[in-house]
Amino acid sequence: ILNVEQSPQSLHVQEGDSTNFTCSFPSSNFYALHWYRWETAKSPEALFVMTLNGDEKKKGRISATLNTKEGYSYLYIKGSQPEDSATYLCASQYQKVTFGTGTKLQVIP
Amino acid sequence: DTEVTQTPKHLVMGMTNKKSLKCEQHMGHRAMYWYKQKAKKPPELMFVYSYEKLSINESVPSRFSPECPNSSLLNLHLHALQPEDSALYLCASSQGAPEIRGNEQFFGPGTRLTVL
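First to last, the sequence lines map onto chains A and B.
Take the first sequence: its letter number 50 is residue 50 in my numbering, and every next letter is one higher.
Take the second sequence: its letter number 14 is residue 14 in my numbering, and every next letter is one higher.
One thing to keep in mind: the hints can contain errors.
[Unchecked claim] The calculated DSSO-like cross-link candidates involving lysine-lysine, where the alpha carbons are at most 30 angstroms apart (straight line), are:
(1) A:K42 with B:K19
(2) B:K38 with B:K22
(3) A:K104 with B:K53
(4) B:K22 with A:K96
(5) B:K40 with A:K69
(6) A:K57 with A:K42
(7) B:K38 with B:K19
(8) B:K22 with B:K9
(9) B:K41 with B:K53
(10) A:K96 with B:K41
(11) A:K69 with A:K59
(12) B:K38 with B:K9
(13) B:K53 with A:K69
(14) B:K22 with A:K78
(15) A:K57 with B:K41
(16) A:K58 with A:K78
(17) B:K41 with B:K18
(18) A:K42 with B:K18
(19) B:K22 with A:K58
(20) B:K40 with A:K42
(21) A:K104 with A:K42
(22) A:K104 with A:K58
(23) A:K42 with A:K96
(24) B:K9 with A:K42
(25) A:K59 with B:K18
(26) B:K19 with B:K53
(27) A:K69 with A:K58
(28) B:K40 with A:K59
(29) B:K40 with A:K104
(30) B:K19 with A:K78
(31) B:K9 with B:K40
Hints were generated in silico from the structure; no laboratory data involved.
Based on the sequences and whatever the hints tell you, model everything.
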């Protein structure tokens, strides 16, 4: 992996469903992995910063895991709500931060 | 105050115009960043100021000229832009220098720039 890649690009889920998406990043030259939540017309909002292999972070219904040896992170949303609709960006940091293209989540009421 | 503010929200300019984008934060952060984001692409780093000195310039064309008058303010001066420079320009700040591991960045809402 040379760049930061996110999948899927977009997804639609029903309210109440749980969902997850993936961020892949270069496993060499790694400092930290950042997750951001970005609602339309607003500022990207930091969700998590993870630095150690095996790190797990949780904020309410949202959690994230990190595997630095294989170069991936998962973001999980449990019981999706319409207000979770946003683009979720991950970024790999090594000296500077490199962003993925994001996963656009639409939660259907 | 935990906000990064950017003005203007929207800007339309001709290729011969000179304009400036402004960014401000009052969190005492010592690093400030400019990113450019085109549709369906990730934000791309343009410039970083660390302790009011330009520390990273990602080979950005000279028609973009950054300025950091003090630790709270960051400007981006625009001159002789091209239509392909139309994009969302995001400003961010962080407490410490960009190379600090796990350094969290706080973003503004961006300026939507259209070059005619």
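Hint by hint, here is what the structure shows:
Distance hint between A:K42 and B:K19 is fulfilled; the C-alpha atoms sit about 23 angstroms from each other, no more than 30 angstroms. Using a Cα cut-off of 30 angstroms, the hinted pair B:K38 and B:K22 holds, with the two alpha carbons roughly 19 angstroms apart. Restraint check for A:K104 and B:K53: not satisfied, since their Cα atoms lie roughly 36 angstroms apart, outside the 30 angstroms limit. Under the criterion of a C-alpha separation no larger than 30 angstroms, the hint pairing B:K22 with A:K96 is consistent with the structure, at around 22 angstroms.
Restraint check: the Cα-Cα separation between B:K40 and A:K69 comes to about 28 angstroms, which is no more than 30 angstroms; the hinted pair holds. The suggested pairing of A:K57 with A:K42 holds, with an alpha-carbon distance near 24 angstroms, which does not exceed 30 angstroms. Proposed proximity of B:K38 and B:K19 is supported: the alpha carbons are some 19 angstroms apart, at most 30 angstroms. Restraint check for B:K22 and B:K9: satisfied, since their Cα atoms lie roughly 10 angstroms apart, inside the 30 angstroms limit.
Between B:K41 and B:K53, the direct Cα distance comes to roughly 28 angstroms. Compliance with the 30 angstroms bound is thereby established for this hinted pair. Between A:K96 and B:K41, the direct Cα distance comes to roughly 18 angstroms. Compliance with the 30 angstroms bound is thereby established for this hinted pair. A threshold of 30 angstroms between alpha carbons decides the hint, and for A:K69 with A:K59 the separation of about 24 angstroms falls inside it, so the pair holds. At roughly 16 angstroms between alpha-carbon atoms, B:K38 and B:K9 fall within 30 angstroms of each other, so this suggested pair holds.
About 35 angstroms separates the Cα atoms of B:K53 and A:K69, which puts this hinted pair outside 30 angstroms; it is violated. Only pairs whose Cα atoms come within 30 angstroms are accepted, and B:K22 paired with A:K78 is rejected, the gap being roughly 38 angstroms. For the suggested pair A:K57 and B:K41, the alpha carbons sit about 27 angstroms apart, so the restraint of at most 30 angstroms is met. Among the hinted pairs, A:K58 with A:K78 is consistent with the structure: their alpha-carbon atoms are about 11 angstroms apart, no more than 30 angstroms.
Straight-line distance between C-alpha atoms of B:K41 and B:K18 comes to about 26 angstroms, which keeps the hinted pair within the 30 angstroms bound. Pair hint A:K42 plus B:K18 holds up; C-alpha atoms about 26 angstroms apart against a cutoff of 30 angstroms. Only pairs whose Cα atoms come within 30 angstroms are accepted, and B:K22 paired with A:K58 is rejected, the gap being roughly 34 angstroms. Straight-line distance between C-alpha atoms of B:K40 and A:K42 comes to about 16 angstroms, which keeps the hinted pair within the 30 angstroms bound.
Using a Cα cut-off of 30 angstroms, the hinted pair A:K104 and A:K42 holds, with the two alpha carbons roughly 14 angstroms apart. Note on A:K104 and A:K58: the hinted pairing holds, with a Cα-Cα distance of about 20 angstroms set against a maximum of 30 angstroms. Restraint check for A:K42 and A:K96: satisfied, since their Cα atoms lie roughly 23 angstroms apart, inside the 30 angstroms limit. Of the pairs offered as hints, the one joining B:K9 and A:K42 holds, with about 11 angstroms between alpha carbons and a cut-off of 30 angstroms not exceeded.
Simply put, A:K59 and B:K18 have alpha-carbon atoms about 44 angstroms apart, too far for the 30 angstroms limit, and the pair is violated. Distance check on the hinted pair: B:K19 and B:K53 sit about 22 angstroms apart at the alpha-carbon level, within 30 angstroms; holds. The hinted pair formed by A:K69 and A:K58 meets the criterion: a straight-line CA distance of about 21 angstroms does not exceed 30 angstroms. Under the criterion of a C-alpha separation no larger than 30 angstroms, the hint pairing B:K40 with A:K59 is consistent with the structure, at around 27 angstroms.
Distance check on the hinted pair: B:K40 and A:K104 sit about 10 angstroms apart at the alpha-carbon level, within 30 angstroms; holds. Under the criterion of a C-alpha separation no larger than 30 angstroms, the hint pairing B:K19 with A:K78 is inconsistent with the structure, at around 45 angstroms. Simply put, B:K9 and B:K40 have alpha-carbon atoms about 20 angstroms apart, close enough for the 30 angstroms limit, and the pair holds.
Of the numbered hints given earlier, the model fails hints 3, 13, 14, 19, 25, 30; all others are met.
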